[in-house]
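2 protein chains.
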Amino acid sequence: MADEAAVREQAEVVRRLKQNKAEPDEIAKEVAKLLEMKAQLGGDEGKHKFVLKTPKGTRDYGPKQMAIRERVFSAIITCFKRHGAEVIDTPVFELKETLTGKYGEDSKLIYDLKDQGGELLSLRYDLTVPFARYLAMNKITNIKRYHIAKVYRRDNPAMTRGRYREFYQCVNDRRILDGMFAVCGVPDSKFRTICSSVDKLDKMPWEEVRSEMVGEKGLSPEAADRIGEYVQLHGGLDLIEQLLQDPKLSQNKLAKEGLGDMKLLFEYLTLFGITGKVSFDLSLARGLDYYTGVIYEAVLLQQENDHGEESVSVGSVAGGGRYDGLVGMFDPKGRKVPCVGVSIGIERIFSILEQRLEASEEKIRTTETQVLVASAQKKLLEERLKLISELWDAGIKAEVLYKKNPKLLNQLQYCEDTGIPLVAIVGEQELKDGVVKLRVVTTREEVSIRRESLVEEIRRRTSQL
Amino acid sequence: MADEAAVREQAEVVRRLKQNKAEPDEIAKEVAKLLEMKAQLGGDEGKHKFVLKTPKGTRDYGPKQMAIRERVFSAIITCFKRHGAEVIDTPVFELKETLTGKYGEDSKLIYDLKDQGGELLSLRYDLTVPFARYLAMNKITNIKRYHIAKVYRRDNPAMTRGRYREFYQCVNDRRILDGMFAVCGVPDSKFRTICSSVDKLDKMPWEEVRSEMVGEKGLSPEAADRIGEYVQLHGGLDLIEQLLQDPKLSQNKLAKEGLGDMKLLFEYLTLFGITGKVSFDLSLARGLDYYTGVIYEAVLLQQENDHGEESVSVGSVAGGGRYDGLVGMFDPKGRKVPCVGVSIGIERIFSILEQRLEASEEKIRTTETQVLVASAQKKLLEERLKLISELWDAGIKAEVLYKKNPKLLNQLQYCEDTGIPLVAIVGEQELKDGVVKLRVVTTREEVSIRRESLVEEIRRRTSQL
Numbered sequence: 003m004a005d006e007a008a009v010r011e012q013a014e015v016v017r018r019l020k021q022n023k024a025e026p027d028e029i030a031k032e033v034a035k036l037l038e039m040k041a042q043l044g045g046d047e048g049k050h051k052f053v054l055k056t057p058k059g060t061r062d063y064g065p066k067q068m069a070i071r072e073r074v075f076s077a078i079i080t081c082f083k084r085h086g087a088e089v090i091d092t093p094v095f096e097l098k099e100t101l102t103g104k105y106g107e108d109s110k111l112i113y114d115l116k117d118q119g120g121e122l123l124s125l126r127y128d129l130t131v132p133f134a135r136y137l138a139m140n141k142i143t144n145i146k147r148y149h150i151a152k153v154y155r156r157d158n159p160a161m162t163r164g165r166y167r168e169f170y171q172c173v174n175d176r177r178i179l180d181g182m183f184a185v186c187g188v189p190d191s192k193f194r195t196i197c198s199s200v201d202k203l204d205k206m207p208w209e210e211v212r213s214e215m216v217g218e219k220g221l222s223p224e225a226a227d228r229i230g231e232y233v234q235l236h237g238g239l240d241l242i243e244q245l246l247q248d249p250k251l252s253q254n255k256l257a258k259e260g261l262g263d264m265k266l267l268f269e270y271l272t273l274f275g276i277t278g279k280v281s282f283d284l285s286l287a288r289g290l291d292y293y294t295g296v297i298y299e300a301v302l303l304q305q306e307n308d309h310g311e312e313s314v315s316v317g318s319v320a321g322g323g324r325y326d327g328l329v330g331m332f333d334p335k336g337r338k339v340p341c342v343g344v345s346i347g348i349e350r351i352f353s354i355l356e357q358r359l360e361a362s363e364e365k366i367r368t369t370e371t372q373v374l375v376a377s378a379q380k381k382l383l384e385e386r387l388k389l390i391s392e393l394w395d396a397g398i399k400a401e402v403l404y405k406k407n408p409k410l411l412n413q414l415q416y417c418e419d420t421g422i423p424l425v426a427i428v429g430e431q432e433l434k435d436g437v438v439k440l441r442v443v444t445t446r447e448e449v450s451i452r453r454e455s456l457v458e459e460i461r462r463r464t465s466q467l
Numbered sequence: 003m004a005d006e007a008a009v010r011e012q013a014e015v016v017r018r019l020k021q022n023k024a025e026p027d028e029i030a031k032e033v034a035k036l037l038e039m040k041a042q043l044g045g046d047e048g049k050h051k052f053v054l055k056t057p058k059g060t061r062d063y064g065p066k067q068m069a070i071r072e073r074v075f076s077a078i079i080t081c082f083k084r085h086g087a088e089v090i091d092t093p094v095f096e097l098k099e100t101l102t103g104k105y106g107e108d109s110k111l112i113y114d115l116k117d118q119g120g121e122l123l124s125l126r127y128d129l130t131v132p133f134a135r136y137l138a139m140n141k142i143t144n145i146k147r148y149h150i151a152k153v154y155r156r157d158n159p160a161m162t163r164g165r166y167r168e169f170y171q172c173v174n175d176r177r178i179l180d181g182m183f184a185v186c187g188v189p190d191s192k193f194r195t196i197c198s199s200v201d202k203l204d205k206m207p208w209e210e211v212r213s214e215m216v217g218e219k220g221l222s223p224e225a226a227d228r229i230g231e232y233v234q235l236h237g238g239l240d241l242i243e244q245l246l247q248d249p250k251l252s253q254n255k256l257a258k259e260g261l262g263d264m265k266l267l268f269e270y271l272t273l274f275g276i277t278g279k280v281s282f283d284l285s286l287a288r289g290l291d292y293y294t295g296v297i298y299e300a301v302l303l304q305q306e307n308d309h310g311e312e313s314v315s316v317g318s319v320a321g322g323g324r325y326d327g328l329v330g331m332f333d334p335k336g337r338k339v340p341c342v343g344v345s346i347g348i349e350r351i352f353s354i355l356e357q358r359l360e361a362s363e364e365k366i367r368t369t370e371t372q373v374l375v376a377s378a379q380k381k382l383l384e385e386r387l388k389l390i391s392e393l394w395d396a397g398i399k400a401e402v403l404y405k406k407n408p409k410l411l412n413q414l415q416y417c418e419d420t421g422i423p424l425v426a427i428v429g430e431q432e433l434k435d436g437v438v439k440l441r442v443v444t445t446r447e448e449v450s451i452r453r454e455s456l457v458e459e460i461r462r463r464t465s466q467l
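The listed protein sequences correspond, in order, to chains A and B. Going by the numbering used here, the first sequence opens with residue 3, and the numbers climb by one from there. Going by the numbering used here, the second sequence opens with residue 3, and the numbers climb by one from there.
Keep in mind the hints are simulated off the structure, nothing from the lab.
Identical copies carry no separate label here, and so any pair may be met within one copy or between two of them.
Below, simulated DSSO-like cross-link-like pairs (lysine-lysine); rule was C-alpha separation at most 27 Å, straight line:
id: 1; residue 1: K250; residue 2: K192
id: 2; residue 1: K406; residue 2: K388
id: 3; residue 1: K55; residue 2: K141
id: 4; residue 1: K83; residue 2: K66
id: 5; residue 1: K202; residue 2: K258
id: 6; residue 1: K152; residue 2: K66
id: 7; residue 1: K110; residue 2: K152
id: 8; residue 1: K58; residue 2: K116
id: 9; residue 1: K335; residue 2: K55
id: 10; residue 1: K55; residue 2: K152
id: 11; residue 1: K116; residue 2: K55
id: 12; residue 1: K255; residue 2: K406
id: 13; residue 1: K202; residue 2: K265
id: 14; residue 1: K83; residue 2: K146
id: 15; residue 1: K192; residue 2: K255
id: 16; residue 1: K250; residue 2: K219
id: 17; residue 1: K58; residue 2: K335
id: 18; residue 1: K439; residue 2: K380
Sequences and hints are given; from them, build the entire structure.
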């Protein structure tokens with residue numbers, strides 16, 4: 003139908019054009035429309051309509067995005083290295099069996115590979131399960147590792163947009179949660195599924211979570227209400243002390259262990275001087291099944307408006323916890339290897355930084371080129387290639403335009419566009435005199451440098467930048 | 003059957019043990035064997051036999067391998083940046099349709115994702131097709147990019163082992179090949195499949211390739227023999243000149259174009275001073291369909307023995323070429339964007355370096371830690387944490403053992419094992435005096451440093467390393 007209408011519209015335009023009734027503006031507009039229709043209908047070679055896109059939920063990173071991403075990675079890796087971490091890598095897919103039974107309700111989000119004969123494979127869903135597999139396989143019991151890689155989940159996370167002001171961390175402990183569930187009257191068999199419901203408290207109000215617990219998951223209303231009282235609590239050492247005195251919770255072995263360890267953690271936080279950044283929060287649950295002790299999330303706070311003092315949480319950018327049972331699931335003898343870790347949501351941090359840099363007018367360089375080798379006259383391609391070859395051999399980052407006889411103005415414009423700070427210009431006279439004209443792009447200053455001193459001069463000038 | 007034999011063997015050992023006929027050594031050996039069997043049979047908790055492995059054709063990288071891999075990447079990225087390249091990234095999977103019809107006979111090696119509803123997806127097979135898709139999608143006609151990422155192929159490449167001495171590059175041009183096929187009497191419709199056969203000349207002798215051409219692919223024996231004469235040729239500018247005079251080849255438009263460009267390439271290589279590293283080789287064909295012009299491979303040469311002068315090629319570590327038609331396949335109007343690129347086989351280069359480093363006795367550090375914060379007495383955990391917190395805040399790469407009261411000897415041993423050059427030791431006396439004892443691990447030299455000068459001293463000493 004759309005095509006038919008388009009053809010009719012086209013016929014009408016042609017009729018008006020033939021009758022010279024169309025205005026010049028109208029003609030230009032209609033020609034553009036026709037060209038667009040032609041492109042949509044398949045172009046010159048009658049190609050089929052090809053959908054030119056990346057798969058749903060994925061994106062490309064262009065040079066500008068990659069420059070930002072490399073800044074983020076560099077900050078994170080520097081921090082990991084400062085704390086003495088080693089790096090490992092594992093394959094992007096695992097045996098399907100390796101991932102089975104590790105993620106609870108999230109398992110449905112795993113990408114499976116097609117059975118093309120051979121092993122059944124799945125794309126990794128996180129880096130934790132492959133890490134546990136790696137530890138068990140190599141019988142490693144002590145390692146402080148980081149791992150930077152993509153993971154794959156079949157969902158469409160909505161990206162929150164906004165201005166973010168600061169981070170804080172919230173912590174809890176699975177044993178405190180389990181102890182709390184026990185004293186609230188949750189049956190053992192419902193611990194994990196009720197934990198999943200509590201995990202939704204950052205996205206849903208308590209009333210909805212409560213009705214999921216009671217309606218969908220069959221918890222008694224009384225138990226739900228008791229949970230409701232606990233999960234409102236958050237604080238620091240004071241709250242830990244208060245809960246250690248709680249008549250019910252203090253009688254529960256798991257909760258007591260968890261609270262004891264939480265107290266120790268806050269003592270360490272005091273030593274590091276960061277208690278103000280961390281909140282003990284009884285509503286924190288984390289979605290995944292495999293946590294066994296302390297759990298935590300780093301949350302971004304958003305400033306409501308320019309004058310507002312109110313800060314609201316806009317979501318988690320990192321999270322993790324202790325998972326002492328996972329390696330044992332892979333070990334033939336079930337030997338336990340206690341583990342604790344954190345996962346940083348690079349994509350989210352990256353998208354926040356991307357917004358911020360777009361809003362600012364900072365120009366982002368996508369190359370590190372120090373100098374453009376240029377010529378002011380024609381027929382100097384060979385001389386440009388000889389000079390750049392010398393510079394490359396000396397480790398100088400240099401570019402040359404690929405045209406045979408580029409105009410000097412175009413060469414200078416290229417430097418402006420890409421942020422190259424220096425231009426090394428060769429001409430007939432410079433070649434005779436054994437010099438190169440070095441031009442500073444921002445100031446337009448030009449100096450003659452003896453060819454044998456050029457490398458040193460470029461190094462000196464670009465180390466100051 | 004194997005299990006049955008094991009059970010019988012076990013019964014025999016038990017019988018001998020009961021009769022006290024076994025020697026102590028033998029007993030220890032048998033106990034170890036039994037424990038291993040028990041572990042293999044499923045362990046204490048009656049777990050099912052879980053296959054603890056990575057998928058076929060994949061591997062993990064431990065910290066040592068990653069340290070080597072990072073050296074390789076760093077060398078490559080430095081080179082790319084020296085030449086002014088930008089970096090991009092694309093998703094690990096693409097729409098299946100994006101990869102369809104791009105790889106010729108290799109398409110069967112593509113990993114597909116399971117249809118779990120939604121789009122049909124495949125893991126990327128190379129970085130070239132996603133790059134072409136990216137260019138078409140973003141209407142980019144000029145970019146000098148690099149892209150470092152894994153690609154996925156359903157085959158089992160045999161890894162050649164051995165000692166490698168040097169690289170050389172071989173080059174050819176698809177137009178020269180196609181011109182050669184034409185003048186040898188290959189029908190147009192058989193160009194690509196005969197090109198595939200020529201591509202096998204690095205792994206198969208000519209006789210086998212010829213019989214594939216004639217037997218499987220239905221080429222006339224005369225045409226095959228004419229091809230056989232050409233593909234033996236390799237050389238430099240002299241060979242190009244000779245072929246430009248070749249009575250048949252010089253009459254073919256494609257071949258003439260290809261030879262003309264090859265001549266220009268060798269003129270540039272002369273300017274860069276690297277003609278000695280490059281051989282024009284008429285047997286080079288490259289497997290993939292999408293090349294349209296110059297093609298090339300970097301080949302490793304292996305030294306036959308310590309005295310041998312003979313070098314033999316042990317395989318390609320990089321390859322690429324010109325693909326002027328690929329972007330047009332994605333463009334709705336079929337607009338062509340000429341492209342040329344090279345792909346480096348990191349895994350192969352890495353495995354060669356790994357062997358070489360294993361053979362040498364070079365100790366590879368897997369962390370960059372500058373200093374271990376240690377204590378000589380008990381009950382100083384808090385003091386160690388305070389000091390390391392100061393160092394971390396100043397950007398010093400520091401570690402601390404996690405035990406509450408580690409022995410000094412164990413702390414020093416940790417430095418020996420991991421290559422940490424300095425130890426900062428706090429004790430009761432140092433705390434009183436406001437100093438820290440700084441120990442150099444290799445020389446065992448110890449000096450007292452005022453606490454406020456410690457950061458500077460560590461920086462000074464580790465910048466010299």
